[in-house]
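Novice: For reference, the chains in residue letters:
2 protein chains.
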Amino acid sequence: MPVNLQAPSAGDLRAVRGVKLGVAEAHIRKADRKDLLVMQLAPGSRVAGVFTQNRFCAAPVTVCREHLAAKREIRALVVNTGNANAGTGEEGMRRARETCEKAAALLGCDAQQILPFSTGVIMEPLPLERIVAGLPMCVGDLREDNWLNAARAIMTTDIVAKGVSRVAQIGGKTVTITGIAKGSGMIHPNMATMLGYVATDAAIGQAALEAMIRHAVNRSFNCITVDGDTSTNDSLILIATGQAGNAEIADEKSADYAALRDAVTEVATLLAQAIARDGEGATKFMTINVQGGRDEAECRKIAYAIAHSPLIKTAFFASDPNLGRILAAIGYAGVADLDVNRIKLHLGDVLVAENGGRAASYQESDGQRVMKEAEITVRVELGRGAAQATVWTCDFSYDYVKINADYRT
Amino acid sequence: MPVNLQAPSAGDLRAVRGVKLGVAEAHIRKADRKDLLVMQLAPGSRVAGVFTQNRFCAAPVTVCREHLAAKREIRALVVNTGNANAGTGEEGMRRARETCEKAAALLGCDAQQILPFSTGVIMEPLPLERIVAGLPMCVGDLREDNWLNAARAIMTTDIVAKGVSRVAQIGGKTVTITGIAKGSGMIHPNMATMLGYVATDAAIGQAALEAMIRHAVNRSFNCITVDGDTSTNDSLILIATGQAGNAEIADEKSADYAALRDAVTEVATLLAQAIARDGEGATKFMTINVQGGRDEAECRKIAYAIAHSPLIKTAFFASDPNLGRILAAIGYAGVADLDVNRIKLHLGDVLVAENGGRAASYQESDGQRVMKEAEITVRVELGRGAAQATVWTCDFSYDYVKINADYRT
Chain A
46 MPVNLQAPSA GDLRAVRGVK LGVAEAHIRK ADRKDLLVMQ LAPGSRVAGV
96 FTQNRFCAAP VTVCREHLAA KREIRALVVN TGNANAGTGE EGMRRARETC
146 EKAAALLGCD AQQILPFSTG VIMEPLPLER IVAGLPMCVG DLREDNWLNA
196 ARAIMTTDIV AKGVSRVAQI GGKTVTITGI AKGSGMIHPN MATMLGYVAT
246 DAAIGQAALE AMIRHAVNRS FNCITVDGDT STNDSLILIA TGQAGNAEIA
296 DEKSADYAAL RDAVTEVATL LAQAIARDGE GATKFMTINV QGGRDEAECR
346 KIAYAIAHSP LIKTAFFASD PNLGRILAAI GYAGVADLDV NRIKLHLGDV
396 LVAENGGRAA SYQESDGQRV MKEAEITVRV ELGRGAAQAT VWTCDFSYDY
446 VKINADYRT
Chain B
46 MPVNLQAPSA GDLRAVRGVK LGVAEAHIRK ADRKDLLVMQ LAPGSRVAGV
96 FTQNRFCAAP VTVCREHLAA KREIRALVVN TGNANAGTGE EGMRRARETC
146 EKAAALLGCD AQQILPFSTG VIMEPLPLER IVAGLPMCVG DLREDNWLNA
196 ARAIMTTDIV AKGVSRVAQI GGKTVTITGI AKGSGMIHPN MATMLGYVAT
246 DAAIGQAALE AMIRHAVNRS FNCITVDGDT STNDSLILIA TGQAGNAEIA
296 DEKSADYAAL RDAVTEVATL LAQAIARDGE GATKFMTINV QGGRDEAECR
346 KIAYAIAHSP LIKTAFFASD PNLGRILAAI GYAGVADLDV NRIKLHLGDV
396 LVAENGGRAA SYQESDGQRV MKEAEITVRV ELGRGAAQAT VWTCDFSYDY
446 VKINADYRT
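Quick note, the sequences are listed as chains A and B, same order. To get this note's numbering, take the position in the first sequence, counting from 1, and add 45. To get this note's numbering, take the position in the second sequence, counting from 1, and add 45.
Just so you know, the hints here were simulated from the structure itself, not pulled from any lab data. Heads up, some of the hints might be wrong.
[To be verified] On the chain B side, residues computed to face chain A include the following (Cβ under 8 Å): (1) 375; (2) 398; (3) 424.
Even glycine gets a Cβ: it sits at the ideal position worked out from N, Cα and C.
Throw the hints in and build the complete structure from the sequences for me.
Specialist: Right, dumping it as C-alpha cells:
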C-alpha cells in the first residue's frame, strides 16, 4: 500500500486559468476505466518539456521533441494509458503522428501544436482506432475543474491518483500551480515511466520557463527510484498560460522568478515523492541523504547505490537493520579513493557506523526502532567536502515481484 | 530451487596432490553445521588471488592482500562462514590477524603464510574465540580426499554445495584441477560474496599463474550476477602445488599453458555458473549474450543492464515474454549513439525484435514456449562491430525477497 499517501480530493486540485482537461474511456487495454486525456491550453500558453534518456525512447517522445523543437505554440496534450507505443518502429511513429492530426482537427489547430504521450505495455501496437474514437469524448468533456479525473486517467499500476496544488504571490497577483503525475514502477533518475504535467497561470518567458523545468526536475523526478529501470516514455511538462495577470517573468535572477520556481519545484517534489510512496509493492518510504561529498555527482552515486540495492530494499521491507548491506553499497558505488574510515552512517537519529565499523554507541534495539517506522531516513556523511544529494525510494516487497510477474495478465 | 544443479558426490571431486582439507563445527553462527575450513598446501605451492573491488572490503581481504604482497610461500587458507568480518574496523583487522597467528602456530609456519577468508553477516564482531577453538579440529581432519566436506563448509545461503574437477594432460603428465565455490546472493561482477578456490597439482611459474587467474576470472566469476550487489568479501584463489611432475610452465604462449588455462577456466566457469544456478530464489538460469558490439565493454554494459533489471527478472520468473522490458534495458544501458533500428533481439531461437520494434515473424506463442524453459538464452545483436560478451544470471522470485528479508533471523 502507498506509504502515507492519499489521493487528493477534487477540491484539493485548483483550476489553472487557461488549462481545460477532458477524459474518456477509450478501452485501450482495460474496460471500465478512463484511459485517455486531452489537456487544452489557451492561446499564448508556453510549454517546456524534459524526456527520457532511454535510447529506445517511445514514438510519442520523439514526436514531442520534434513538435517542441518546431517552436509553434502548443495548444493541446493527448495522453493515453494502457499502451506505451514504444518498441513499435516506424508504424508506432505513424500512429503517434496520426493521434496528433486527429486531435488537431478536433481542436482547430495544426498537428505540430499537439504533444502526444503514451504509457503502458511496450512493444505492442498502439490501438489507434480506439484513441481516435475516444478523442471527441475527451473534447466534449473539456473543463478547467477536471484535474482529479485527469490524474486518474493517466494511472497504470499506480494505486492512488497523484496531484497537488499550490498558490504563490507573484508580482502582486495570486498565481496557481497544479500538477499531476503517474508512475510507480520502472522508476529511475533521468526520467522513468513517469508522466508529469505541471501547469501555472503565471506569465513567464520561454527561456525562464525552460530554466525552471530543469531546476525543478533535478530536485524532484530525477531524485527518485523504485527499481532502477529507466522507462522509454518518461516525460515532464511545465505549462504557463500567462492568465494570472502578473508582469511576464523574464529575469531568472528576479524575486518573482525565485518565488514561482520554488512553488513549481515544491509541486514537482511532492509529485515525485508521491511516485516513490506509491512504488510497486511499497511498504516504506526511504529518504537517502548523502552529505559531505566532494561534489553532488559522487553523493548521487552513493545515494543511488543504496537506493537500488535489492539487498537493502528487502532488508527494509523486513524492518531488519541489516546495516552492513548499506556499508557494502557505499563501498561498491564506484567513488574512487573513498576513505571508509571517515564515513558516518545514520539510520534516522541513530549513529550506526563510524571508523570503518559499527559505532560503539550503537544498539541493535535502536536500529530496530527506526526500522519499524514507515518513513525512514538514511544519512551518510562522507567527511570529504560540502556537497550533498538526496534520493527518495521505497522498499522491495513480495508484492513488487507479484505486480511485475503478473503485469500483462 | 537451483536450476539444473546438483551437488557433486564425494567421488566427483578428485584429490589434488599437495592440498589437504579439514573442516569443523565451530558454532560461528548456527549449530549442527560445518562452518570452518583449513586448506593446507604442501611446500613449494604457488598461490594467486583476485579480490573484491568494494571500498568497504572486509578485514580478511585486506590481510590476504598484505600476505600475498609479502611474497612468502602460502602454506594454508582458513575460511569461516557465518560472519563476514566486514565493516568491523580496526578490531576486525586484529581478529583476522589473530586467526592467521593461531593457524600458523598449529601448522608450524608464520602468520604471513596464512590467507584468511570470511563470509556471512556484515558489521558484527567476528567470534574469534570460536574460530580459535575450531582450528585444531580442522587440523585434525586434514586429508586430501576432503573436497566435498570443504565445499559444504563454506556455504551460506547456498542450497547445494558447488565443486567440480577436471583432468588435463600437461607435458605428458595427468594433472588434476579441482575447485569449490560458494555464493548465491550479493553476486555481481568484479567479485561478489563469492568465495572460490581452485587448485591444481600442475607445476607453473608465479607470473604464469597470475596471468591464468585473470584470464579465468574474467570469463567466469566476473560474468555472473544475481542481484547486482558487490560483496565486501569476494575472493578467488588459484593454487598450484607443482606435484604432478610436469615441467614447470613459465611461457604463457606455450601449449602446456593453454591446456592448463583452458581446464582451469572451464572449472571456474562451471563454478561461476553454479552460483547463478543457485542464485537466491532462482527458478531460471539465463544466459545473456550480446554480439556485434564495437568493443567488449559496451557488450557487457548492455548484458548487465538486462541481467540486473528487476523488471526483466520478475518477467522471467513469471515465464512472461514481456520483451519490451529487454528493449528498454538495452536503451538505458548507457551506450552512446546506439542505433536501435539495427538491433536484433532473440529469445532462444526466436527472433523477437528488429527495426526498432517487434519482428514481423514473431508470435507470442513462440516467446511463451521459450519462456517456459528452465534455461533461457537472450541474444542481442547490435550490428555495429565484432565484439561480444556473455553474462549468466537467474530470475527474481518471491523467494529472493523472502530469503533476503529473513536472512538474519
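Novice: Could you tell me which of the numbered hints above are not met by this structure, giving the numbers in increasing order?
Specialist: Those not satisfied come down to hint 3.
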